[in-house]
Structure formats: C-alpha cells, structure tokens
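Those protein sequence lines, which keep their order, are chains B and F.
Going letter by letter, the first sequence gives residues 144 to 349 in my numbering.
Going letter by letter, the second sequence gives residues -12 to 146 in my numbering.
Hints listed in this document are in silico derivations from the structure and should not be mistaken for laboratory results.
Treat the hints with caution; some may be incorrect.
As the list claims (entries may be wrong) - Cut-off 27 Å, straight-line C-alpha distance, at most; resulting in silico cross-link-like pairs (DSSO-like, lysine-lysine):
| id | chain 1 | residue 1 | chain 2 | residue 2 |
| --- | --- | --- | --- | --- |
| 1 | F | Lys72 | F | Lys138 |
| 2 | F | Lys81 | B | Lys210 |
| 3 | B | Lys210 | B | Lys223 |
| 4 | F | Lys81 | B | Lys214 |
| 5 | F | Lys123 | F | Lys81 |
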Amino acid sequence: MVREVSESCVESLLAEIVLSYCSGFYANKPELAARRIEAIGFQVGHQLSERYTMDRPRFTDNLDAIKFICKDFWSELFKKQIDNLKTNHRGTFVLQDNRFRWLAHMSVDPSVQASGNIQDPSAMAENKSAQATGMHLYFPCGIIRGALSNLGIECAVSADISNLPASLCLAFIILMPLLWLSQNLFSSISLQNADYAALLVQSIIF
Amino acid sequence: MIVCVAVVGHQNNPLYIQSFTKGDDSLLRISILNVEGCSYHSLKRHHIVHCSLDVVDERVNNPKKSGLIINETFLGLLNPTENYKVYGYLTNTKVKFILVTTDLEVRDVDARVFFGRFHTAYVDAVSNPFHIPGKKITSRKFAERVSTIVKSFGLSSGG
C-alpha cells in the first residue's frame, strides 16, 4: 500500500519551515536557523535512506552508494533524475539539476531587483535572489548528508542556485581525505557567502 | 521455535533484543542468581547474539573464503552451536538482524521471508520521528509486529 501526499503540500511545508525558522524562532540569527534546518534534513535523510535501501542488494563500496544517491535516491525524492554529475575523483562530487522541483514555483520579488545599482544590475539582482533562496537549500543539503552518513560516508554538502528558475548545483565532499577543505566550506556556507562556496567548489573541480 | 531476535546497529550497539521463550533449558534451575536484574537466560542470549556479530563481520570482510555472493543482504546460517542455530542479515545501512532458533530444520526460504518482514517492520519503526537514530527501539507497535512475525514463522515451518 503506497500512500501519497500532494506535492504542493510538501512545497508549502518546506517554505513554511524556512519562514518559521528564519523570521520566527531564530529571527536575527540566520546561521543558527540554517544549522537547525540542516539538522532536520539530516534526520529525514537518515530515515529515508533506510527506507529506500530496503529492497536492494548491499553496496560493495562507496562508489555504489554514491551512485545510489545520485540516481535512485534523488529520483525518489525529487521525482526526476539529475542532469549532470561531475567528479574530481578525489572525493568531490557535483550534482547538477536544471530544474529543481522544490524551488520551481518560487520567484524573487521584482522590486528587489529594481532597487539595485544601475552600474551592475544583473549581478546585484542575482546576488539578492541567491540570498533569498539560499535558506531553502539547507534542507535538501541536510537530506543528502543524512542519507550518505547512514550509508557510512561522512561528507560535507553545499548547494548553489544559479539563474532562477532553479538550476541547482549541489556539491558534496567526502570528509575523510579533505578535512581542511570542508572546514573552509562550512565557514563559507553562511547567508552572505553562498557564492564564495560555489566558487570554492568549482575551483577544486576544474 | 524462535528463541530470540536482535537488531544491532552499525557500531555493534544493540538496538533491540527480544526473547520469546521462558527458560526452556533443562539443565538450569530458576534458582540461578540474577545478575544486575537480568536473568541468566537473557544474558546467555545477549552472549549468543554478541558472538554471532563476529561471524557477521568475518563473512562480510572475507566474501571469497565463505563462498557467498558479496552483495546479498541475507547472510544465512552463521554458527550452529550447542542447541541453537543463528541466522544473520545485514542491511545497506550496516544494521544487523540476528535470529536465534532452536529448530533443527529451518528452510532457507523461511528465514529469508522472516528477515524480509522483519526489515519492513524495522524501517517503519525507524521512520518514527520520535525515534532517535542510534538509540534503542522503544516502540510498542514494533514489538507487536515482531511477535506476529515470529508466530507466523513458527507456523509456516512447522509442516
């Protein structure tokens, strides 16, 4: 017996989580709100990975587990496959989804863009929209981190949005060999530095 | 007849142990002293489960020597010691299920079906948002489901 929930309910719930934590519980502390949301995602990912690995043969190594996350787990969770997967073969993986369903129905307030500088309007607008959607990315990052940790892979996960609607770039780095890097990454995953995090990840890969 | 089932986490920490008999060993008397509130029987079962964990690790780490397909979840008969047979099952998330039974002839198929149902019950118990991962499973519903599964195991393999 498969029970179903409407997708709009899930999206509304996620939007409400971000709203409550950012303007309600931790009103002036976006860092704490982000960590809390990520921790919720961690537990959800932990439990979901139990359920989705149930009928599968055991994974022989880490790569199998990562393939599972990138293909089956992602499509169960977000209802579509990822569009691109890159790796540097040294523990960093970048998943790209060109139309991330959870944020597909989100738009940025155009008045925010209009109040930007005349000299650099496009960059300013992009920055503001990245900030606005940045908080919504912590929950999916937490889910992926929780699922990977339940399969035995400790990692750091970060996400970046470029050009709404929703081209999501999610990167995770296996924690063991790249401990210093993940420390840098964690410090840069704050509301103000989402772009820096993306640049850091891209610089490792390319 | 199933004596005990156990769920062991990935750090070999016990998450759930349930016994299903009340002291069937004829060599022991009820007057054996209690150790820290546990009866001798439950300690013995803990001990059996603990020993079988070593066999699980060995099976997983040396697949060629044991002749097993590496990526099977059902590990089969672990060690037929004394009066007991111990079966093992390893999930993708490194959680181990141990089944201890006194049946002399247990079909492979029955054990697999048992573990399939047990896995489903376990996943449902762990999906409970009030369950803390890594701590013991305290859900009554899970205990009831496990009892049902154990009873149906006895019936199907009785023939």
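For each hint, the structure was consulted:
1. F/Lys72 with F/Lys138: Cα-Cα ~17 Å, so holds.
2. F/Lys81 with B/Lys210: This hinted pair holds, its Cα atoms lying about 18 Å apart.
3. B/Lys210 with B/Lys223: 15 Å, holds
4. F/Lys81 with B/Lys214: 21 Å, holds
5. F/Lys123 with F/Lys81: 16 Å, holds
The structure meets every hint from the earlier list without exception.
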